[in-house]
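Asker: Sequence:
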Amino acid sequence: TLRSPIMGASRRPRRRFVGKDGRCNVTFVNMSERGQRYLTDLFTTCVDIRWRWMLVVFTLSFLLSWLLFGFTFWLIAAAHGDLAPPASSSSSPSSVSSSLTPLAETEERCFQQVNSFMAAFLFSLETQTSIGYGFRSVTEACPLAVLAVVLQCIVGCIIDAFIIGAVMAKIAKPKKRNETLVFSDVAVVAMRDGKLCMMWRVGNLRKSHLVEAHVRAQILKPRLTPEGEFLPLDNADLNVGFDTGTDRIFLVSPVTIVHEINEESPFFEVDKHTLEEDKDMEVVVILEGMVEATAMTTQCRSSYLASEILWGHRFEPVLYERKNCYQVDYSYFNSTYEIPDTPTCSAKELAEKKYILGSRSSFCYENEVALQLSPSICYTSAAAAAAAAAAEQVPRLATANTSTTCCCEHVRHIAAANITYIK
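Residue numbers for the sequence shown follow my numbering, so the first one is 1154 and each next one is one higher.
You can trust all of the hints, since none of them are fake.
Once the Cα atoms are required to be at most 27 Å apart in a straight line, the calculated DSSO-like pairs of lysine-lysine come out as:
1) Lys1374 <-> Lys1501
2) Lys1323 <-> Lys1360
3) Lys1323 <-> Lys1173
4) Lys1360 <-> Lys1476
5) Lys1432 <-> Lys1501
6) Lys1173 <-> Lys1360
7) Lys1425 <-> Lys1501
8) Lys1432 <-> Lys1348
9) Lys1329 <-> Lys1173
10) Lys1173 <-> Lys1328
11) Lys1432 <-> Lys1173
12) Lys1348 <-> Lys1425
13) Lys1326 <-> Lys1360
14) Lys1432 <-> Lys1374
15) Lys1425 <-> Lys1374
16) Lys1328 <-> Lys1360
17) Lys1326 <-> Lys1173
18) Lys1507 <-> Lys1348
19) Lys1501 <-> Lys1348
20) Lys1506 <-> Lys1348
Since the hints were derived computationally from the structure, they do not count as laboratory data. A quick note: this is a predicted structure, and the numbers were derived from the prediction, not measured.
Model the full assembly from the supplied sequences, consistent with the hints where possible.
Answerer: Structure (C-alpha cells):
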C-alpha cells in the first residue's frame, strides 16, 4: 500500500531543518560529476574544506612541486653526465676522484654539487624557497637547466599566491564571527501595542558593531496543494518590518525582533492549542550584516520549533541604566516570564472580537445619534438620554434630534465605561 508523505510526517515530529547553531541539516546524494565541479572552483573548495584537509593541501602542494622539479633537475644532470658513477667496493677514494677529474676538466657541469637525486631535491627546495645556502647552483652550460629553474620560480610564485591566499581567506572568513552573535533559545507570543505578536531576541557579544545588520524570518512547513502536490518544505516569509524599516537593527545591545500577527501572517489563524499541537512547523530566523573589521558579510541562523515558542510569555529586561552607562546582563537573555491575561485565541478571532465590540460601542447614521452605553443601562431615545444626564448618570450630553431613536438591537449589550449621547 502507498502511504502519503504528509501522513508519515504527521505521525512523527519532523527533523529540524536548521540547527540552533545555524547548520543546515541537509546532505547531498547522487550528484553527477561532483568532484569535477568542485575542482573547477578549486579556490572556493579550498576555502570551504576543513582545516585538516587544508593543511594536507598546503603541505602536498609544496612537497610535490619540490619533488617534481627535483626529479627534473636529476634527469637533466643524468642526461648531461653530471652524476658520479657508483663507487665499487674495490675502488679507493683516490681512484674515484681521478676518474671524475677528466670530466670536470673537459666539460662544465649543468649543476654544481648535484650528483644524486637527494642533492637534486635539496637544490629544488633551496631554489623555490630562496634559501640560498650557496653550496649548490646552476651553471650557464645547460640552457635546459636554466629554463627549468625559471619555470620553478614561476610555479613557486603561483603556488604561494594560491595557497597562501586561500589560507588567509579561510582565516578571515567571517564564519567564526557567528559565534558571538546569539539568538534566544525560545520565541514568545504576547500582546504588544494592542496586537498579538511573535518575538525573539538577538544579541551581539562583541563590542565591535555589525554594520547594516538586518533580520529575516521564514516559516517552514509541509503543505499539500489543492492539486494534490506535496511540498515537504513550503516556506513563507514572516514580516519583521520590511515596510517600516524596523528589520534593520542597531545591534549594540540585545534587540527583540517583533513579527506582528496580522492578516498577512501565516500565524493569523493559529491559536495556542494549535501551535502546541503542531509538530511540523519550524521558524527559521536569519541575521545578516557586515563585520566591522573586515567589511565581509556574515550570516547567523537559528530556528524555533513549535515547542520552543512560548505562548503568553515575555522576555525579561536585560538593559539597565547605571550611573555612567547602560549595562547589559546576559544572564537574563533567555529568561521569560508569563503573562496570564494573554489571549489564547488566534489573531483572527481576536480581531473579530475587537470588531464586534467596536461596532457595538458606537453607531451613527446620517441624521441619527451615536450612543456608548454600559451593559446595565441602555437609552433608546434622546429624551431618555437627557433624563439620565439630568440625573447625573452620564458625564456628557450632546443635543440631537429628539425624534431620532436607536435602531440597532445590539446596543443593549454594549460594554463601555461611560454613557454618552452624541449627535
